[in-house]
Amino acid sequence: MKNLKKIPRFKNEDQERDFWATHDFTDYFDMNKAQRAIFPNLRLSTKTISIRLPEWLLARIKELANSRDVAYQSLIKIFLAERVKKELNS
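Counting from 13, one number per residue, gives the positions in the sequence shown under the numbering used here.
Everything labelled a hint here was simulated from the structure, so no lab data went into it. It is possible that part of the hints are untrue.
Computed list of lysine-lysine pairs in BS3-like fashion (alpha-carbon distance at most 27 angstroms, straight line) [as the list claims (entries may be wrong)]: (1) K14 to K59; (2) K45 to K14; (3) K45 to K74; (4) K59 to K98.
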């Protein structure tokens, strides 16, 4: 059985982040007692961007989205994710 170290008190999140970036958490937690955490309401972080598209391209994307019954912004995200995956795997 390993003697666990005591977690220090932090003044702010930056201080805590710096601490964990340089320390091994297994020195502070008994992993035999760990339980899987479930975060059902966790949403992926997103960032709003602005992109200029030719009107004809946006119109075609909207047509495709309508035929698939999805929002055109969602379809653009799907297309981008698929292409990025393809590029990274090639």
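For each hint, the structure was consulted:
no. : hint       : result
1   : K14 to K59 : violated, 43 angstroms
2   : K45 to K14 : holds, 13 angstroms
3   : K45 to K74 : violated, 50 angstroms
4   : K59 to K98 : holds, 22 angstroms
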